Every structure is written in structure tokens, then in C-alpha cells.
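S.K.: Each chain, letter by letter, is given below.
There are 2 protein chains.
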Amino acid sequence: MAAAKRAKDSAASSFVSEERLWRRHMEMAKIGATAKGGVNRQALTPEDARARALLAEWARGLGFACAMDAIGNVFIRRPGAQAAAAPVISGSHTDSQPSGGRFDGISGVLAALEALEAMNQAGIETRRPVEAAVWTNEEGSRFASGCMGSQVYTEPAKLARMLAMKDLDGMSLKEALAATRAAMPTLPERPLKSPIDCFVELHIEQGPVLEATGNVIGIVTGIAGSRRFEVEVLGEDAHAGTTPRARRKDAVLAASAMIQALHKMMADPEDEVRFTIGQIRVKPNAMAVVPGYVLFTIDFRHQSEEVLTRLGDRIEGVCRAQAGPCEVTLTETRRAPTKMFSGLVPDAIEAVTRKLGVPYMRLFSGAGHDARYVADLCPTGMIFVPCEKGISHNEAENAKPSDLAAGARVLADTLVALANR
Amino acid sequence: MAAAKRAKDSAASSFVSEERLWRRHMEMAKIGATAKGGVNRQALTPEDARARALLAEWARGLGFACAMDAIGNVFIRRPGAQAAAAPVISGSHTDSQPSGGRFDGISGVLAALEALEAMNQAGIETRRPVEAAVWTNEEGSRFASGCMGSQVYTEPAKLARMLAMKDLDGMSLKEALAATRAAMPTLPERPLKSPIDCFVELHIEQGPVLEATGNVIGIVTGIAGSRRFEVEVLGEDAHAGTTPRARRKDAVLAASAMIQALHKMMADPEDEVRFTIGQIRVKPNAMAVVPGYVLFTIDFRHQSEEVLTRLGDRIEGVCRAQAGPCEVTLTETRRAPTKMFSGLVPDAIEAVTRKLGVPYMRLFSGAGHDARYVADLCPTGMIFVPCEKGISHNEAENAKPSDLAAGARVLADTLVALANR
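Residue numbers (this note's numbering), protein chains in the order written: chain A, 24 to 444; chain B, 24 to 444.
The following block holds chain A by itself, in its conformation from the complex (with noise of 0.2 Å):
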């Protein structure tokens, strides 16, 4: 059968399976697998080692070579007939949400080894090398920064402030990744910030567009700028029982008002505003003491540089608004520009969508991802594939095989068309 393709059609993208890559996808969601069909294998846990070491293992058997850089970041290795050459290089993340799903991330690492697996079949040489890469704890959840390992890898001079960060156990990354390495065969050392020819990330679209519009691949126009905040609210822990209203300075009561009235300020009529206040820590956190402390998150994201900057640069003065007795500080702790994609990999991304048939339209990203960073280093895009009802960081998170498989046809053409311009 595969000889029989291999006679009248050369095509990597011919070779790519869709059971296979199914088949690698129910396998890795089974680590870290949860009660309610999602996955919880956040960043360099136990979990994300094993998946990250199973990934090793397939590629050991495909005959690829694997390295590993300062931050984890894993790159498996396609060689081109000009060895010295920057590699194409595709891929995503291993590490999920506290309760995500079975596809953010992995899909475009599952992807990146299929599209090289296809190579192979269809005999392929190409002129640069093609890698399959997983980038370093993209979700953020235990250790404070996403994007940490693509960010390290175009800026190897956050990677000491990275290291040092530590999760809510008191174990700083520098331990963590230590123990994953650990988990794993030694990998050669890849230099931070090596030479990257072009970067293509396949991922979920964790939104509803494509499903509802009936295309199968989104061709990533751009990734939506964000803020980042820490709002601390200090009140004044006191007994349940006995203080008057009149005298608390009731930190869960301030933090609340706060809450209503920052979404409030943040309503657009387009709906196009993404505020979400996801973490709340309330200190002592007793159900009979008066509450002094509250910390919560806020992540605001927009297209638009100048909203970002007009409706971010007000969440100060409704937190002190509605303080009440109590003190507030505000940290900004990111900032993210948009970030837009144009030009060679978005173009040769819809080249090959064109000539395999395959419904698609272009689109903007709500979501970060590691192509924002990489994209600082060499030309950049994304293909996105549909996800059902568009549900993302959900354990109830789902995906077609079939939609997996054509964006795994079209990534593969478009690495061996990068990889031989």
C-alpha cells in the first residue's frame, strides 16, 4: 500500500496516518489522565516527564536523534542534506492545565513527529533539517510564567530568574526540571537561542470558528496582546463573631466589588474583550475569622495595542474605588504585545491548503502560544485545527481525528516546502 502511494505520489502529507496519530494521542492522554476525561500534566510534574520520555522513545524508534536545551525545550531531529543548515522546525507543548484537556499543546507535538514519520514513508529528503520541538512549560499553571520555554529559548538571559521560580509546594523549577531530565535518556545539550530557519505550531483553536464556519484549518493571522495583574487587597483578620461592620476591614467584601466592578468596566458591546479573573487566595481563609487578605489574578487580553493599554491602564482606579477600608496594590506582572504573522509561513501554509483541498480560512488568536516568542527569532505562523464547541483548558476538551490528520497533511507539506526553498 505505502509503495503503491510511494509510485504516483510522493507527498509527505500522503504518508501521514490517522490512526497512528489518534492512537499517539489516546496513549499520551493517558498520563496524567483525570477522573473526568481531561488530563492534569502540568509542567515538568512526574507526568509531563513521562510524556515528554514516551515522545523520546517513538522518536528513538523512528531513527531520530533527540537534544534538550537549558530550559527542557526538547528537539527531535529530521536530518537535510545541508547538515549545518538552521532547521525548520515544528512543535508545541507537553504540559497541560491543572484540568485541560486531551489535545492543547500535545496535538502540535504529535503533529510535528507525524509530519517527520511521513517523511520518511514518502522518502523525502529536504535541503535544511526539519525538527519536531516541545517547548517548556507553555501553560504557566505551576511555575507563574507561560510561554517560559520559548521565551528562554530567543532571551537565554531570563533563564536564571526562570529557574529560580518556584510553584506553590516550595519546589523551584531548577529541582523540577532537574527530576525530569532525570526521567529521561541523556539528551545531548542544544544551545539557547540556536538558529531557526522558520517555525510552524500546529495547535487546537481552543475557540469556536472554525467549527461554526465548517473549515477544517485556521491560518493564524496573529496572537492577541495581553496584561497580566496581581491585585492584593489588606484588610484586617478579625473574629467572625463579635466585630461590627462598622469596624471590619473585610478583605473578601473589598476584593468582591472590585471583582463586579472591574468586569463591568470591562464590557464591549463587540464581545471582543477577554477579562478573566481566575485565581483568588483569601488569607487566613477561616470560616469564622473576618478575612485580611485577598490576592487575585487578572488576565486581559485584546487585539488592540491602544484598548490593552485604555482599559488596562484603569483597573488601578476601580480596584481603589471599591477598597472601602481596605489598602490595595496593583503589580502588573506581563505584558505581551500582539504579535502578527505575515509572509512566508502563513503563505506557504495556504499555498499547500489550497492544492490538498482542504476548507480553511485566515484567523486571529485569542490564546497565546509559544509561536509569539519564537517568532521574535526567525518567520513564524500557526495552523489551527477545529476543537468541539471550541472548549479549551477543559478536561472536557475534544477533537476529531480526522480534522488532527489534515492539519498533520498540511504542516507536513508546508515543513518539506520551507525545508527546500
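Think of the hints as simulated: they come from the structure by calculation, not from any bench.
Keep in mind that a hint or two might mislead.
[To be verified] Residues of chain A clear of chain B, computed beta-carbon distances all greater than 10 Å:
1. Ser40
2. Gly86
3. Arg150
[Claimed, not checked] Using 30 Å as the maximum straight-line C-alpha spacing, the simulated DSBU-like pairs for lysine-lysine come out as follows:
4. A:Lys306 with B:Lys306
5. B:Lys287 with A:Lys306
6. B:Lys189 with A:Lys59
7. A:Lys197 with B:Lys306
8. A:Lys306 with B:Lys189
9. A:Lys306 with A:Lys189
10. B:Lys412 with A:Lys287
11. A:Lys189 with B:Lys59
12. A:Lys306 with B:Lys197
13. B:Lys197 with B:Lys306
14. B:Lys412 with A:Lys306
This structure is a prediction, so every number in the text was calculated from the model and none was measured.
Ideal Cβ placement from N, Cα and C applies to all residues, glycine included.
Start from chain A and add chain B according to the hints.
M.R.: Using the frame of chain A, we list chain B on its own:
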């Protein structure tokens, strides 16, 4: 000096030592001491066990025998002339809130021990035995049922349910209690619900009234009733960057609207309602995930049963009205009726206080205490002493050595009067 005192005045109160009582407070405050000068000595932790062991060591040094019951309550016995008579008991608790102070609970235990020691020094023989008691887990912060020791003592049928409770780390109360027992000398078993002749509990007021009125002793007329609830808000986890507002089921947004509306509904011009939302748990509690689940607790107290019923029964409707696209479940976890103290014990306290010439008043308690439950078994009363600015359940909690000593003097003579009546 002691001999000279004994010659002219054999009242136990004359032998209460302000210096000794304060020193014992400061030694206890070292156990579980926090950086901010408070105490974290939650029920049946190693710190709570160390506090109990130190108390038992002091008791043995004074020649008193100790006993423990099935829920870990400790009894330090000074024998009476009628060995078989039911004892007069005084005491409180050694456990604290996670960010608790140096006086809540422990002052009542140390005052009772001081009273026993003063009786020794005064050479007083009482008809009935007099005991100092430690009730287990008054605070209910680690294991969620407060006043656990006094509840189980007076209603032993609750024992099995309490032993099965687990803390947030999954440790059962039964295991924690075994560890506490192991850290103390082996004590003979006291049967639950053994008869008590009468009970007096000394406690810091935990409110501002005594200090504001210049009184040193508060004779407690009763304890406010309370209702406790857990509110669970069920939304849907979703991606913070891609999910439009119109499609979100944001449990934090809904919960904050509920918290605001509940506080508004509970606002009374008299400022007599005590309404507290002290605990919030968010899942998955990740920065980039629209949160699909919130649990918050409600602690609602008032001296009027009618108000507790009328306003408490409105809570569910207010939550439902603010739920938006989320679902809400309300569970009433506890209802404790208002408990009045009158007759024998408060009258005995008042007679002693007048005789000693200490400024006093009668007042009502908004805080719950073990005395509420012990009152189901025997005549009961409470003595309040002032605490600075009424601050309690707070690491800054403070009290004056002279006020603590005044309270111990009133307690000592009250116990003698009750034990000899």
C-alpha cells in the same frame, strides 16, 4: 509572704500570681508562634500537642492528676473532700486559628490552672473536686466542626462522625488524635458525659465593649446563635483567551455578585448582624482559565432566633438571583441556637466580683464558646476579660497582665464558692 497572706486572708484569689500567670501565657505563646507575634496552633497539630504536654507537666508539678476522654479533652483534677462528687470544672481550649493570637482559649485554661494552684497555696479544701479542662478543637479551622470536644462530651453519639473528619491534607481526626495522645504521658480515660456539677469558662472578650466601658470583668448573659452555610457555584472551565463573555459560565464572577448581594441584604442599621464570608476555594484556580467552580462559606450570627431564621432563610434566594449562567447549591452545615446563661453560675461570679471590687458588667457574647455545649449538661457561666481594641482571631490579639490576673482571681473564688455550696 505567702504565709503572711494566709494568716490574714485565706481566699484563693489572694494567691493568684499575676507574674506567674503572665509567664505561662508567654511560654505557651512560643508554641506555634508566628512571625507577626501571633500563634498558629491548630487543633491536634504537633504544636497543639506540645501545648497540652506542657500544661500536663505543670499540672503534675503541682501534684494534680490528669485524665483524657475519647475526643482528647483533658481534665486536671484537684480532689475534693467528697471524692465521688461531680466536679466543678473550668477551662477552655489550647488550639488556635491559623492566624490566631496569644490569648484566645489558652487564657481560660491557664486561669483555671492558676485557680487550682492558688487554692493549693491558700490551703483550701473544697467539698467537690475542682478541675481545669482543655476542650479539643474549639476553633474548627483544621477540622471543620468547632467546639468539637464539648459537643462530643455532651453528646457522645457524635464521636464516630467527628473521628472520621479529615483536614485539607487528608489526615483524619482519628490519626491526628492518636499523634496527640502519643506526644503526652499516658493518661487514664475519662468517660464522655461524666457528670459535671457546674462549669465556668474564662475567655478574652474578643470584642471592644469591656475596654470601651472601662470594665475588667464581663459576666456573660448568653451566646449568640449561629448558622453556617457552604455555597457551591458551578460554572464551566474555559480558555481565558478565546472564550467570549457571552459563552462564559464564570463561577468567580457569579460568586462575587452573590457576596455583594448577601452583604447588602444582611446590612442592619443597628450593626448587630454578624455576617462573614471567610473562606473561598476556586477551581481550577489558574490564571488563564475561566474558573468553573467556587465554594464559599457563610458564618451568620445574631442573638435573635427570629432574625437568624428570617434573614438566614433568604440566603439561598439571593444566591440564586445572582447566579447568572451558573448553578448554585446551598448547604447548611450547622445551626446553633442562642444559649442563655442565668442563675447559679452567673450569680456566683457576680457575688465574687462585687466582693473583690472589680468593675464589671453583664454582656452578651457574639462569639461561640465550649460553654454553649457544656450548658446542656450542667449550670454554666462565663467570665470575659478585656482584650486590646477587641481584636481577636488575629495575630495582633493582646491583653493586659493585670486584667488576666483579675479574671483569674474572680474565677478562683467563684470555683471555691461553687465547689463548697
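S.K.: Does each hint fit the structure? Answer for all of them.
M.R.: Quick rundown of the hints versus the structure:
1. Ser40: Its Cβ never comes within 10 Å of chain B, the nearest being 29 Å, so this holds.
2. Gly86: holds, 37 Å
3. Arg150: holds, 36 Å
4. A:Lys306 with B:Lys306: holds, 17 Å
5. B:Lys287 with A:Lys306: holds, 23 Å
6. B:Lys189 with A:Lys59: Judged against 30 Å, a Cα distance of about 24 Å means the pair holds.
7. A:Lys197 with B:Lys306: holds, 27 Å
8. A:Lys306 with B:Lys189: OK: A:Lys306 and B:Lys189 at ~20 Å, within 30 Å.
9. A:Lys306 with A:Lys189: holds, 20 Å
10. B:Lys412 with A:Lys287: Cα-Cα ~38 Å, so violated.
11. A:Lys189 with B:Lys59: Roughly 24 Å between the alpha carbons, so the hint for A:Lys189 and B:Lys59 holds.
12. A:Lys306 with B:Lys197: With a Cα-Cα distance of about 27 Å, the restraint between A:Lys306 and B:Lys197 holds, given a limit of 30 Å.
13. B:Lys197 with B:Lys306: Between B:Lys197 and B:Lys306 the Cα gap is close to 28 Å, so the pair holds against 30 Å.
14. B:Lys412 with A:Lys306: holds, 21 Å
Of the numbered hints stated above, the single one contradicted by the structure is hint 10.
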